[in-house]
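Can you make the complete structure from the sequences, with help from the hints?
Protein sequence lines correspond, in order, to chains S and F. Remember, this note's numbering sits 1 above the position in the first sequence when you count from 1. Remember, this note's numbering sits 1 above the position in the second sequence when you count from 1.
It should be emphasised that the hints constitute simulated quantities derived from the structure, not laboratory data. Do not take every clue at face value.
Repeated chains share a single entry, so a pair holds when one copy, or any two copies, can fit it.
[Unchecked claim] The calculated DSS-like cross-link candidates involving lysine-lysine, where the alpha carbons are at most 25 Å apart (straight line), are: (1) 322 <-> 42; (2) 255 <-> 181; (3) 181 <-> 42; (4) 56 <-> 322.
Here the structure is a predicted model, which is why all the values come from computation and not from measurement.
There are 2 protein chains.
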Amino acid sequence: MNVRKVGLIGAGVIGAGWAARLVLNGIDVALYDPDPEVERKVGEVLANAERAYRKLTLAPLPRRGSVTFARSVEEAVADADFVQESAPEREDLKIRLLAQVDRACRPDVVIGTSTSGLLPTRLQSGMAHPERFTVGHPFNPVYLLPLVEICGGERTSEATKERAATFYRSIGMKPLMLRKEIDGFIADRLMEALWREALHLVNDDVATVEEIDDAVRFGCGLRWSFMGTFLVYRIAGGEAGMRHFMAQFGPALKLPWTKLEAPELTDELLEKIVAQSDAQAGDRSIRELERLRDDCLVSVMQGLRSHHWGAGEVLAAYEEKLYEASHAHVMGAGDDLAQPLRLHEARVLPEWIDYNGHMTESRYLQVFGDASDALFRYVGIDEAYHRAGLSYYTVETHIMHLREVEAGVPLHVTTQILGADEKRIHLFHSLHRSDDGTRLATAEQMLLHVDTNAGRACPAREDVRERVLRIAAAHRDLPRPDFAGRQVGAPRR
Amino acid sequence: MNVRKVGLIGAGVIGAGWAARLVLNGIDVALYDPDPEVERKVGEVLANAERAYRKLTLAPLPRRGSVTFARSVEEAVADADFVQESAPEREDLKIRLLAQVDRACRPDVVIGTSTSGLLPTRLQSGMAHPERFTVGHPFNPVYLLPLVEICGGERTSEATKERAATFYRSIGMKPLMLRKEIDGFIADRLMEALWREALHLVNDDVATVEEIDDAVRFGCGLRWSFMGTFLVYRIAGGEAGMRHFMAQFGPALKLPWTKLEAPELTDELLEKIVAQSDAQAGDRSIRELERLRDDCLVSVMQGLRSHHWGAGEVLAAYEEKLYEASHAHVMGAGDDLAQPLRLHEARVLPEWIDYNGHMTESRYLQVFGDASDALFRYVGIDEAYHRAGLSYYTVETHIMHLREVEAGVPLHVTTQILGADEKRIHLFHSLHRSDDGTRLATAEQMLLHVDTNAGRACPAREDVRERVLRIAAAHRDLPRPDFAGRQVGAPRR
Numbered sequence: 002m003n004v005r006k007v008g009l010i011g012a013g014v015i016g017a018g019w020a021a022r023l024v025l026n027g028i029d030v031a032l033y034d035p036d037p038e039v040e041r042k043v044g045e046v047l048a049n050a051e052r053a054y055r056k057l058t059l060a061p062l063p064r065r066g067s068v069t070f071a072r073s074v075e076e077a078v079a080d081a082d083f084v085q086e087s088a089p090e091r092e093d094l095k096i097r098l099l100a101q102v103d104r105a106c107r108p109d110v111v112i113g114t115s116t117s118g119l120l121p122t123r124l125q126s127g128m129a130h131p132e133r134f135t136v137g138h139p140f141n142p143v144y145l146l147p148l149v150e151i152c153g154g155e156r157t158s159e160a161t162k163e164r165a166a167t168f169y170r171s172i173g174m175k176p177l178m179l180r181k182e183i184d185g186f187i188a189d190r191l192m193e194a195l196w197r198e199a200l201h202l203v204n205d206d207v208a209t210v211e212e213i214d215d216a217v218r219f220g221c222g223l224r225w226s227f228m229g230t231f232l233v234y235r236i237a238g239g240e241a242g243m244r245h246f247m248a249q250f251g252p253a254l255k256l257p258w259t260k261l262e263a264p265e266l267t268d269e270l271l272e273k274i275v276a277q278s279d280a281q282a283g284d285r286s287i288r289e290l291e292r293l294r295d296d297c298l299v300s301v302m303q304g305l306r307s308h309h310w311g312a313g314e315v316l317a318a319y320e321e322k323l324y325e326a327s328h329a330h331v332m333g334a335g336d337d338l339a340q341p342l343r344l345h346e347a348r349v350l351p352e353w354i355d356y357n358g359h360m361t362e363s364r365y366l367q368v369f370g371d372a373s374d375a376l377f378r379y380v381g382i383d384e385a386y387h388r389a390g391l392s393y394y395t396v397e398t399h400i401m402h403l404r405e406v407e408a409g410v411p412l413h414v415t416t417q418i419l420g421a422d423e424k425r426i427h428l429f430h431s432l433h434r435s436d437d438g439t440r441l442a443t444a445e446q447m448l449l450h451v452d453t454n455a456g457r458a459c460p461a462r463e464d465v466r467e468r469v470l471r472i473a474a475a476h477r478d479l480p481r482p483d484f485a486g487r488q489v490g491a492p493r494r
Numbered sequence: 002m003n004v005r006k007v008g009l010i011g012a013g014v015i016g017a018g019w020a021a022r023l024v025l026n027g028i029d030v031a032l033y034d035p036d037p038e039v040e041r042k043v044g045e046v047l048a049n050a051e052r053a054y055r056k057l058t059l060a061p062l063p064r065r066g067s068v069t070f071a072r073s074v075e076e077a078v079a080d081a082d083f084v085q086e087s088a089p090e091r092e093d094l095k096i097r098l099l100a101q102v103d104r105a106c107r108p109d110v111v112i113g114t115s116t117s118g119l120l121p122t123r124l125q126s127g128m129a130h131p132e133r134f135t136v137g138h139p140f141n142p143v144y145l146l147p148l149v150e151i152c153g154g155e156r157t158s159e160a161t162k163e164r165a166a167t168f169y170r171s172i173g174m175k176p177l178m179l180r181k182e183i184d185g186f187i188a189d190r191l192m193e194a195l196w197r198e199a200l201h202l203v204n205d206d207v208a209t210v211e212e213i214d215d216a217v218r219f220g221c222g223l224r225w226s227f228m229g230t231f232l233v234y235r236i237a238g239g240e241a242g243m244r245h246f247m248a249q250f251g252p253a254l255k256l257p258w259t260k261l262e263a264p265e266l267t268d269e270l271l272e273k274i275v276a277q278s279d280a281q282a283g284d285r286s287i288r289e290l291e292r293l294r295d296d297c298l299v300s301v302m303q304g305l306r307s308h309h310w311g312a313g314e315v316l317a318a319y320e321e322k323l324y325e326a327s328h329a330h331v332m333g334a335g336d337d338l339a340q341p342l343r344l345h346e347a348r349v350l351p352e353w354i355d356y357n358g359h360m361t362e363s364r365y366l367q368v369f370g371d372a373s374d375a376l377f378r379y380v381g382i383d384e385a386y387h388r389a390g391l392s393y394y395t396v397e398t399h400i401m402h403l404r405e406v407e408a409g410v411p412l413h414v415t416t417q418i419l420g421a422d423e424k425r426i427h428l429f430h431s432l433h434r435s436d437d438g439t440r441l442a443t444a445e446q447m448l449l450h451v452d453t454n455a456g457r458a459c460p461a462r463e464d465v466r467e468r469v470l471r472i473a474a475a476h477r478d479l480p481r482p483d484f485a486g487r488q489v490g491a492p493r494r
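Dropping the structure here:
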């Protein structure tokens, strides 16, 4: 099935999201929606989606597909290779529209519906070719979230579900094949249970909508972005795993911790859960799963930190407090300045590794930049200094890459000041493995002190300048580093 | 309240998680748990937590607190400034332990319990000083997840809840104050509703535990890591917001989409939800909220990509497919080589911005590295080439930083080959703003072709070498770039 054009029926939030995912993946779409404002609304969703894709990946996207606004259902699906219906959630409306689509498009074309939970057997009841119809239930925003639930009705063919899954996969999605037809499928049953419980909490004045959202986004929601409840609870069982967890929390299923009654925890259900959980975990130990969970949590929280939102905002505030508490880093009268300074330590993180299996080149400069930041703190530059519009900028850098380094290796940087005046610091960083001392790289840099509001060089504040000059004086007689003053490609001395 | 030492009662998964968060924040702990293996188990959780914190932040952590294993409840709490009880979820056991703690510790000490849902009024029933007792319900892993629910019993004082919140905040957590005492508090009621629905699905053979987890982690779970259901649904309502969403999906509350009955959607409940949702959203428009949501989703998925897990694995597979599809990037016979090559475009992402409000220095090198990667693809280097153990490594770099740049600015790199032989490429990249052409930085680099298995230089494959030399020959007569051959600190020519 080579899909070059998709017919979209309904262009609300979901239909417009499909349009965005499709055109960004190089597929033409023809849309039908009776809303007179459809062009503007779809255009705005497309703009947001393009913006998101520019951030999502640096990989080359195909040439954008085209968008046509059709004047009828028939026109939208006439020469489509695939059809996706995203009309409002009314069974009668969908049955009628789907029968209309069925009559108007080629008989080999798969017809998907975006319904969140209506039964496909009923939706396909008016179709002459019901075998080519399936649920393909996406999640908002359709252009970013990978999940699509595939659920056939009684008259849907297996081939249709496979073809739909292949197509959705080709546009970056993750199909989940349902084994049974059920109202709400899987995802919406879970979401709906949580949602109805939340509505009870608001109705009973236990919590506000904001408090309920906070209870999710600062806690369990962070885990759910990469592990479902079963795997999370397996880990919570500790070394003894799922059986222990169920033994420990089984009794809580009888407690009034939600208005939903749990099923009886029979031996049969317990054994089924344990066996399926074992299969899910594979040969990963609980400690390995814990580390995977922690790595994912750290990455998620760091990702959110860039947007000053949710758990990322909590992390940013926490870090600010840590930096404020570390005033001891400022240079003191008794400090030994007779050697290069050792102010920064780090460890090679897994996400710093490139396709060669080693720390990627820009991370070397990141570590050197962090070492410069440590030097700034050491000479008395703090948040207030930056808020006052004063800062050092790097104007020139020369790096020698001497050795590769793998994930997990501890690192430290030593820093020698080669020269300084009231505006400039000329320094030389050396990056070492801390386990065996091997030198991995060097960076010679020129830093310029600037008035960031005026955008031009200016002298550093007197106390900062005094500390910088004191270090420079103490370092004046240290041996000049081997790679200082080097130009790219010069013969090794 | 200056907390220097915390007494911990119970050191299972939750108690050990508290120990880890506390000692990493410089607080001493004394633990009591009758488990004979407690020292080993706590040690393993501490090791995982230390590992996670090394990744979580580069901010300087305080000097680690100490861990003491006490032989009794009394010994653990004797000189504690705060006590946290994390015994198994049995009401009788907790009542007994809390009364024991109450007798043994200073009367000014706040006593928190980690219970997931037992009622504080009952838990404090055996205490002589019940006013200093509160629920402080954390989430696993306690050392990473910020949420802690604070819920007092009938005899808890307001001051106790405030003091507990201040303390939890000081160790990087996000307290959520409950207005009402209720079984399961807020978070566990939501989690428990979803969990019980999930157990029904397994019990009824609708889905396996893995399928249920997938329905969360590839869809709604990604959103829940930064927005709860109310805000997510407000956005799903499109421009018309929460009232429209409730009008559209209100009828679904009557559908059998979960085994949990919803409350009646009365006008009063509807108005309450709309008003609280408006308050939550503040003055953010739906389009702004959409962009915030998309930015967070992109960051979360990119974070997970580094761990080849969940939605991150889907993204990685998608990108690999995009790169494979872009074979047109390989140099063709008719290509114009008379100018520097323009092979790479990017855009300044918000997370590339440092405390000065500009793109941080290491991101310049990242963009240059991506431009080198684009050059490699252009001369015919693909995944198979790397899998065969062949690659170019950067051995030396000189960067000139000429201008600052802010988030959102489109960038492109032009690349001139200054010289090449069978093993080396000497190149010069220039980074420009694409909107007005301003040159932002330059990078002169020496790349060496290596046999990555043997770890030494070797000639490039013949077709790759031929393309490199052809570009070098075509670029030989281009003007030599102004900053080529420069050493750090040399006078500007």
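Hint check results:
no.	hint	verdict
1	322 <-> 42	neither (43 Å within a copy, 30 Å between copies)
2	255 <-> 181	between (28 Å within a copy, 21 Å between copies)
3	181 <-> 42	neither (36 Å within a copy, 42 Å between copies)
4	56 <-> 322	between (30 Å within a copy, 18 Å between copies)
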